[in-house]
Amino acid sequence: MLLELKHVSKNFGNITALKDISFTVGEGKIFGFLGPSGSGKTTTINIVTGQLKPSSGASYVLGKDSQSIDQQIYEQIGIVSDRSGVYERLNVYDNLAVFADILRVAKERIDYYLAKVGLADRKKQPAGKLSKGQKQRLVLARAILHEPKLLFLDEPTSGLDPTTVREIHDLFLELKARGTSIFLTTHNMEEATKLCDTLALLDKGTIIEQGSPREICLRHNEEKRFRVMTVAGDELEFGAASGDRDRLCKMLMQGEVETIHSCEPTLEDVFVKVTGNSLI
Amino acid sequence: MNSHFWRKTLAVIKLKAKMLAGNTAALTGPLMSIAATVLMKFLYSGMMEGLNSAILTYVLNFGISFNLGLGAVMMSALPLAEDKEKHTLRSLMTSSVNGLQFFIGSIFWPFVITVCVNYIVIFVSGVDISRIDMVMFSFLTILSSLISCMLGLLIGIYAKSQVNANNLMMPFVMLLSLVPTLSTMNETLGSLSHYLHTGIVTTMLNCYSQGLEFRLGIEQALVLALGVVGITALFVGKYRKILVSE
Chain A
1 MLLELKHVSK NFGNITALKD ISFTVGEGKI FGFLGPSGSG KTTTINIVTG QLKPSSGASY
61 VLGKDSQSID QQIYEQIGIV SDRSGVYERL NVYDNLAVFA DILRVAKERI DYYLAKVGLA
121 DRKKQPAGKL SKGQKQRLVL ARAILHEPKL LFLDEPTSGL DPTTVREIHD LFLELKARGT
181 SIFLTTHNME EATKLCDTLA LLDKGTIIEQ GSPREICLRH NEEKRFRVMT VAGDELEFGA
241 ASGDRDRLCK MLMQGEVETI HSCEPTLEDV FVKVTGNSLI
Chain B
281 MNSHFWRKTL AVIKLKAKML AGNTAALTGP LMSIAATVLM KFLYSGMMEG LNSAILTYVL
341 NFGISFNLGL GAVMMSALPL AEDKEKHTLR SLMTSSVNGL QFFIGSIFWP FVITVCVNYI
401 VIFVSGVDIS RIDMVMFSFL TILSSLISCM LGLLIGIYAK SQVNANNLMM PFVMLLSLVP
461 TLSTMNETLG SLSHYLHTGI VTTMLNCYSQ GLEFRLGIEQ ALVLALGVVG ITALFVGKYR
521 KILVSE
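Quick mapping for you: the protein sequence lines, in order, are chains A and B.
Heads up: the first sequence begins at 1 in my numbering, then just goes up one per residue.
Heads up: the second sequence begins at 281 in my numbering, then just goes up one per residue.
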């Protein structure tokens, strides 16, 4: 396992930020931490990357205790968080060149990743003149420049426009295909569903559900409802009761059905159902 | 220390050169030291009796104290405080740059500039160089430059922002610059000056102005050694604590 948390808890004074968190992330997998603001996502990233001490429990990154992460481990991981800064007086290219020197990365890769995050045309621009979203992309380019084994992404697409988000998602999937494992925190349900192999729903520092997005949704699909659009253009909903089933079969056999969809709950529905709160 | 160590250190040195070149606030200190020496020489020009007069040495001492007490501290403290404020220090830390690499990389340029300014100030002050033991002068000013730069880094690493660094710096600047300069005017300041590295430099220059030989005493050597070792230990310890919060 590239990342492992065992019964991690974190208290800030009387406030419990994390309570008995356990999970593992395997090679080439994307693990998502889905929860609203203040649920403990960033605290978890800070603990596993050795930037915060847990109150109890242990976490391991690439087999090493997070509390004693050394340079060799940092060379193999990438971190994107709101605490990742850029050198505002340096231009975009130089910002990456510094880290290319530190991490023994060929300079040609800078241009490749600048293009990937959509900053190729801004390489000579001072980083201080970039918009918030562009700075975020620069931080992302820096985090993946050395093609790390494990990438920590704390809300990486928050505040970005939809087109850029799609490009960044494609980049994550490309990295995953090349064997990079990703630990992703987000409050965006669609992002989690699209990208994550496994995810944990986090609420007030506690994991309330864990599994693949499909598993989680199906686990809460008690009603098993179907939405049908008829050839005539009417929208109908059917439940699992025998009367509904018979009626649906009859419509299918008579060719009256244009489209049919299952109505299993979304991750947000599950979250609202379990916690009574929304994801935002 | 292997090649990886020096590669990362060199990368930080290159980075710091670029950052310092654009940081006019940090570069003001050493430039002010030269400007202040020129100004002092101009102000006292009417009182001079010869090139090796006490006034000329006072002017030189003023410039060097200013450079060691203000220039070096400012050049080291402000860029580091900026790194903390903008979260770039954390980015370096989580990109495998360790405390010692960052320390060497950050101190390199402020140290080189401070040492150069110390020599420039000799020429600007107009002191007769033949009266100065250049080996002792070089040894003491280089060591003092190192201590001042290290102190600046220590202030920078404890500061939360550049404004905070400026505030934290002021008492040290007053102590290191003014106490040695005014040490001959007040007995208490004179005693205090013995325990400051800038004060030891002043004592050396006073000896040369009187045509005396200067020898480093055990007490003075201890002050310098404690400065180097103590500040390095405090810095490396604090560097690790910055990354890991409780």
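Be a bit skeptical, because a hint or two may be false.
Label pairs and their computed distance ranges (CB to CB) [stated by the list, open to error]:
id, chain 1, residue 1, chain 2, residue 2, range
1, A, Lys124, B, Ser418, 14 to 22 Å
2, A, Gln125, B, Trp286, 38 to 46 Å
3, B, Leu455, A, Ser278, 50 to 58 Å
4, A, Asp70, B, Leu506, 46 to 54 Å
Covered by chain A, per the in silico footprint, the following chain B stretches (three or more residues, Cβ under 8 Å) [claimed, not checked]:
id, stretch
5, 287-293
6, 296-307
Everything labelled a hint here was simulated from the structure, so no lab data went into it.
None of these values were measured; they are calculated from a predicted model.
Every residue gets a Cβ at the ideal spot worked out from N, C-alpha and C, and that includes glycine.
We went through each hint and held it up to the structure:
1. As the Cβ distance of Lys124 (chain A) to Ser418 (chain B) is approximately 42 Å, the hint placing it in 14 to 22 Å is violated.
2. Judged by the Cβ atoms, the range 38 to 46 Å given for Gln125 (chain A) and Trp286 (chain B) is violated: they are separated by roughly 31 Å.
3. Under the hint 50 to 58 Å, the C-beta atoms of Leu455 (chain B) and Ser278 (chain A), about 57 Å apart, fit the expected range.
4. Here the CB-CB span from Asp70 (chain A) to Leu506 (chain B) is close to 30 Å, at odds with the stated 46 to 54 Å.
5. Here's how the stretch 287-293 of chain B fares: 5 of its residues keep a CB closer than 8 Å to some CB of chain A, so the rule of at least three is met and the hint holds.
6. Restraint check on the stretch 296-307 of chain B versus chain A: 4 residues with Cβ-Cβ distances below 8 Å, three needed, restraint holds.
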